[in-house]
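Line by line, the protein sequences give chains H and F.
In this text, residue positions in the first sequence follow numbering that gives the first Met the number 0: the first is 0, and each later residue adds one.
In this text, residue positions in the second sequence follow numbering that gives the first Met the number 0: the first is 0, and each later residue adds one.
What the hints contain is simulated information worked out from the structure, not anything from laboratory work.
Take these hints with a grain of salt, some might be off.
[Stated by the list, open to error] Pulled from the structure, derived: some chain H residues nowhere near chain F, Cβ distances all over 10 Å: (1) Asp-30; (2) Ser-78; (3) Gly-102; (4) Gly-110; (5) Tyr-126; (6) Thr-136; (7) Arg-137; (8) Leu-159; (9) Pro-161; (10) Arg-191; (11) Ile-202; (12) Leu-207; (13) Gly-209; (14) Ala-211; (15) Ser-241; (16) Gly-254.
[Said to hold, decoys possible] When the alpha-carbon atoms are kept at most 27 Å apart in a straight line, the in silico DSS-like pairs for lysine-lysine are as follows: (17) Lys-107/F to Lys-210/F; (18) Lys-133/H to Lys-24/F; (19) Lys-107/H to Lys-210/F; (20) Lys-107/F to Lys-133/H; (21) Lys-133/H to Lys-244/H; (22) Lys-133/F to Lys-210/F.
In this text, a Cβ means the ideal position worked out from N, Cα and C, and glycines have one as well.
Protein chains: 2
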Amino acid sequence: MTEDQITARLRRHAPLIGDDCAIIKAPAGKDLLFTTDFTIEGVHFTRDLPAEQVGHRALLRGLSDIAAMGGTPKYCLVSLAVAPWAGERWIDDFYRGLLALAGQHKTKLAGGDLSHASQVVADIVVYGVVPIGKALTRSGARPGDQIWVTDALGGWHHQLHPEPRLDIGRKLIGRATACMDITDGLALDLHRLCLASGVSGEIDYIPLLGKATLDEALFDGEDYELLFTSRYRMNPGMWIGSIVKGEPGKVLYQGDPLVARGYDHFQHRP
Amino acid sequence: MTEDQITARLRRHAPLIGDDCAIIKAPAGKDLLFTTDFTIEGVHFTRDLPAEQVGHRALLRGLSDIAAMGGTPKYCLVSLAVAPWAGERWIDDFYRGLLALAGQHKTKLAGGDLSHASQVVADIVVYGVVPIGKALTRSGARPGDQIWVTDALGGWHHQLHPEPRLDIGRKLIGRATACMDITDGLALDLHRLCLASGVSGEIDYIPLLGKATLDEALFDGEDYELLFTSRYRMNPGMWIGSIVKGEPGKVLYQGDPLVARGYDHFQHRP
């Protein structure tokens with residue numbers, strides 16, 4: 000198949016595709032959110048993962064970033080470089096998985112690019128909106144805030160179709176002081192949130208999903224739960240600790256310093 | 000270096016980077032434009048191209064798409080997967096080339112992603128704006144329109160730093176009936192424009208750049224000139240032919256049918 004033939008097939012699902020750019024109406028009363036995330040064979044997934052799940056997870060990464068800001072996703076752009084081992088069927092299944100998740104969250108495919116590489120590389124852009132000035136960021140945590148997660152951690156690899164926490168993210172607007180999604184493990188991501196906020200964090204308790212180990216919850220990636228801070232008791236939310244005054248970015252677990260290591264997609268060479 | 004260290008360095012040039020999404024104010028009186036383009040080692044460039052030029056061309060592809068719609072670029076997001084052969088110096092030079100072109104066109108780096116792959120893969124997103132309802136598209140060409148290009152063709156590989164035709168693109172608003180940028184050769188791209196508009200095209204004359212051959216102008220990619228149609232004589236613009244009634248997408252060159260082949264980045268396997 001040629002690029003034009005594959006594009007023609009995609010247009011049935013995405014009538015916006017066809018010009019050099021997608022044209023989208025600017026929203027009223029909203030700020031724009033943009034995020035872009037790679038999904039690379041050997042780094043983020045292996046060949047034995049069904050293509051439909053690769054597509055689902057590729058978009059999930061972007062939707063989860065929108066959730067972390069309290070936003071609502073609107074459009075996505077999908078750039079896909081296909082490896083020789085991934086044929087037409089694989090490409091179809093990839094888009095099927097991606098478009099199914101997009102449809103559940105009213106996110107339209109607005110464009111993209113298609114090419115070849117020696118390994119599969121997908122890059123997903125999600126554009127979303129959030130009420131003006133209300134986006135949740137990483138930098139608002141203050142001493143005295145409590146630290147929360149949206150669900151138990153460490154069990155991501157047991158889940159077939161993890162979901163972005165978009166509903167909870169929107170509810171956190173005006174209630175959470177800082178928020179991010181957990182994609183590289185609680186230890187590294189809480190370190191990042193504390194560093195951005197200029198505070199330290201103390202973890203007292205970590206809720207574990209199913210048979211997940213503490214190490215998986217602390218250092219594995221891709222939980223896609225939200226990590227947030229608030230002055231109040233939150234529901235939904237599982238309490239894990241408190242923000243304290245101290246060295247920016249420092250995190251303690253039950254009194255002991257926690258190394259800020261986790262899943263670094265850049266260090267992890269395929 | 001870790002992903003966090005490289006991100007920290009980039010933040011000096013791009014203070015927007017740091018949260019899960021970039022937050023951008025919605026423009027008044029404008030439509031939003033989005034485009035995304037791969038730049039892949041072995042498909043779009045070879046290792047002997049200086050990294051600074053790889054960065055320049057990676058962004059150029061997106062800026063040229065914005066130009067083709069008559070738009071003004073505002074922000075870009077850069078996803079870069081680095082191969083083992085490309086070290087810190089290469090990464091620095093890549094961003095230097097990209098940010099230099101971005102600066103010339105007042106386009107801010109708003110975010111991105113960083114990872115590893117066995118070959119270098121960059122994916123660039125450009126977000127731009129265009130007056131509401133005024134974007135140039137591929138689908139407005141009508142019989143009787145004249146066909147134009149913004150400059151002589153076929154000489155792209157002699158150019159060190161090809162430039163996006165943003166100024167001319169903006170001037171074409173309200174004057175051109177259809178427009179696109181030439182990235183896969185005149186033959187394939189004019190075919191696409193005629194197909195989108197439901198018309199045929201007749202090329203009478205092709206202006207060649209320097210020592211470029213007719214084949215290079217017709218079938219090679221990456222001219223980054225604009226191809227547009229208009230009812231009027233255009234300045235600047237070099238006349239190449241006319242739009243006629245006929246089979247949608249059919250293109251004649253001096254009376255003979257032209258095969259709609261060109262540089263297909265999808266077919267061209269690395």
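The hints, checked one at a time:
{"no.": "1", "hint": "Asp-30", "verdict": "violated, 5 Å"}
{"no.": "2", "hint": "Ser-78", "verdict": "violated, 5 Å"}
{"no.": "3", "hint": "Gly-102", "verdict": "holds, 19 Å"}
{"no.": "4", "hint": "Gly-110", "verdict": "violated, 6 Å"}
{"no.": "5", "hint": "Tyr-126", "verdict": "violated, 7 Å"}
{"no.": "6", "hint": "Thr-136", "verdict": "violated, 5 Å"}
{"no.": "7", "hint": "Arg-137", "verdict": "violated, 6 Å"}
{"no.": "8", "hint": "Leu-159", "verdict": "holds, 24 Å"}
{"no.": "9", "hint": "Pro-161", "verdict": "holds, 16 Å"}
{"no.": "10", "hint": "Arg-191", "verdict": "violated, 7 Å"}
{"no.": "11", "hint": "Ile-202", "verdict": "holds, 20 Å"}
{"no.": "12", "hint": "Leu-207", "verdict": "holds, 24 Å"}
{"no.": "13", "hint": "Gly-209", "verdict": "holds, 26 Å"}
{"no.": "14", "hint": "Ala-211", "verdict": "holds, 23 Å"}
{"no.": "15", "hint": "Ser-241", "verdict": "holds, 22 Å"}
{"no.": "16", "hint": "Gly-254", "verdict": "holds, 25 Å"}
{"no.": "17", "hint": "Lys-107/F to Lys-210/F", "verdict": "violated, 36 Å"}
{"no.": "18", "hint": "Lys-133/H to Lys-24/F", "verdict": "holds, 12 Å"}
{"no.": "19", "hint": "Lys-107/H to Lys-210/F", "verdict": "violated, 45 Å"}
{"no.": "20", "hint": "Lys-107/F to Lys-133/H", "verdict": "holds, 22 Å"}
{"no.": "21", "hint": "Lys-133/H to Lys-244/H", "verdict": "holds, 25 Å"}
{"no.": "22", "hint": "Lys-133/F to Lys-210/F", "verdict": "violated, 37 Å"}
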